[in-house]
Amino acid sequence: GAVVSQHPSWVICKSGTSVKIECRSLDFQATTMFWYRQFPKQSLMLMATSNEGSKATYEQGVEKDKFLINHASLTLSTLTVTSAHPEDSSFYICSARDDGYEQYFGPGTRLTVT
Amino acid sequence: KQEVTQIPAALSVPEGENLVLNCSFTDSAIYNLQWFRQDPGKGLTSLLLIQSSQREQTSGRLNASLDKSSGRSTLYIAASQPGDSATYLCAVRGYQKVTFGTGTKLQVIP
Chain A
1 GAVVSQHPSW VICKSGTSVK IECRSLDFQA TTMFWYRQFP KQSLMLMATS NEGSKATYEQ
61 GVEKDKFLIN HASLTLSTLT VTSAHPEDSS FYICSARDDG YEQYFGPGTR LTVT
Chain B
1001 KQEVTQIPAA LSVPEGENLV LNCSFTDSAI YNLQWFRQDP GKGLTSLLLI QSSQREQTSG
1061 RLNASLDKSS GRSTLYIAAS QPGDSATYLC AVRGYQKVTF GTGTKLQVIP
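Chains as they are written, first to last, in the working numbering: chain A, 1 to 114; chain B, 1001 to 1110.
Just to be clear, a hint being listed does not mean it is correct.
[As the list claims (entries may be wrong)] Calculated lysine to any residue pairs in the SDA-like style (CA-CA distance at most 20 Å, straight line):
1. B:K1042 with A:P8
2. B:K1105 with A:F39
3. B:K1097 with B:L1049
4. A:K41 with B:N1022
5. B:K1042 with A:R24
6. B:K1068 with A:E102
7. A:K55 with B:K1097
8. A:K55 with B:Q1096
9. A:K20 with B:G1043
10. A:K41 with B:G1043
11. B:K1105 with B:E1015
12. B:K1097 with A:M45
13. A:K41 with B:G1041
14. B:K1042 with A:T112
15. B:K1097 with A:A2
16. B:K1042 with A:L46
17. B:K1001 with A:Q60
18. B:K1042 with A:Q42
19. B:K1097 with A:P107
20. B:K1097 with A:E102
21. A:K64 with A:H85
22. B:K1097 with A:L46
23. B:K1097 with A:D99
24. B:K1042 with B:S1085
25. B:K1097 with A:E59
26. B:K1068 with B:S1028
27. A:K41 with B:A1010
28. B:K1042 with B:T1102
29. A:K41 with B:Q1107
30. B:K1105 with A:Q42
31. B:K1001 with A:T49
32. B:K1042 with A:M45
33. B:K1097 with A:T31
34. A:K41 with B:T1102
Honestly, the hints are just simulated from the structure, not real lab data.
Construct all of the structure, not just a fragment, from the sequences and the given hints.
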């Protein structure tokens, strides 16, 4: 079956620094990838839709200048959290959509900002 | 805007019981509905995917049903085991995006 990987699986960074999270579709091409975040004891909320070769579409309330998304190839999308603050600490999950329009989810990345 | 609600929010049952988790959604124009489990601090594990044209899907002790017209899905877990303890999420895929439910935290007591 289709596999989506994320790297790193967990990361700790200091407040004010930037951190990049990678999302890769390992055995299929994905023109569209999605980024979600999950706060403790809450469900997943869609942050943005990433389209290969074009700008990402952000959901209402998500700061595009803070959460930079780059979908440079058909198998890779990256999410960069810029000038991270403790309130950005969360669980970030990506998904990738194949040609059949099915979505496959990555294992998630836990970000802790100290 | 699609809204997905799961009831109950938390459930504690003794081992061996059969149980039902509920998921309701407001917009019936969906492609599919998917049930996931999430262990604490972990990612999502897909359990069952029901296409909009299907009524139910089964995998082992799990059975998921879909009534699109009424905006409801149920996940039935037979003969629950302590290893079933996790948070269960339903996710509804519409034409534009996937919307997740609020989750049901299940605890199966040995």
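Right, here's what the structure says about each hint:
no.: 1; hint: B:K1042 with A:P8; verdict: holds (13 Å)
no.: 2; hint: B:K1105 with A:F39; verdict: holds (15 Å)
no.: 3; hint: B:K1097 with B:L1049; verdict: holds (16 Å)
no.: 4; hint: A:K41 with B:N1022; verdict: holds (18 Å)
no.: 5; hint: B:K1042 with A:R24; verdict: holds (18 Å)
no.: 6; hint: B:K1068 with A:E102; verdict: holds (19 Å)
no.: 7; hint: A:K55 with B:K1097; verdict: holds (17 Å)
no.: 8; hint: A:K55 with B:Q1096; verdict: holds (17 Å)
no.: 9; hint: A:K20 with B:G1043; verdict: holds (18 Å)
no.: 10; hint: A:K41 with B:G1043; verdict: holds (13 Å)
no.: 11; hint: B:K1105 with B:E1015; verdict: holds (15 Å)
no.: 12; hint: B:K1097 with A:M45; verdict: holds (11 Å)
no.: 13; hint: A:K41 with B:G1041; verdict: holds (10 Å)
no.: 14; hint: B:K1042 with A:T112; verdict: holds (14 Å)
no.: 15; hint: B:K1097 with A:A2; verdict: holds (19 Å)
no.: 16; hint: B:K1042 with A:L46; verdict: holds (18 Å)
no.: 17; hint: B:K1001 with A:Q60; verdict: holds (12 Å)
no.: 18; hint: B:K1042 with A:Q42; verdict: holds (13 Å)
no.: 19; hint: B:K1097 with A:P107; verdict: holds (19 Å)
no.: 20; hint: B:K1097 with A:E102; verdict: holds (11 Å)
no.: 21; hint: A:K64 with A:H85; verdict: holds (15 Å)
no.: 22; hint: B:K1097 with A:L46; verdict: holds (8 Å)
no.: 23; hint: B:K1097 with A:D99; verdict: holds (15 Å)
no.: 24; hint: B:K1042 with B:S1085; verdict: holds (13 Å)
no.: 25; hint: B:K1097 with A:E59; verdict: holds (11 Å)
no.: 26; hint: B:K1068 with B:S1028; verdict: holds (6 Å)
no.: 27; hint: A:K41 with B:A1010; verdict: holds (11 Å)
no.: 28; hint: B:K1042 with B:T1102; verdict: holds (16 Å)
no.: 29; hint: A:K41 with B:Q1107; verdict: holds (15 Å)
no.: 30; hint: B:K1105 with A:Q42; verdict: holds (11 Å)
no.: 31; hint: B:K1001 with A:T49; verdict: holds (16 Å)
no.: 32; hint: B:K1042 with A:M45; verdict: holds (16 Å)
no.: 33; hint: B:K1097 with A:T31; verdict: holds (14 Å)
no.: 34; hint: A:K41 with B:T1102; verdict: holds (9 Å)
Violated hints are absent here; each numbered hint is respected by the structure.
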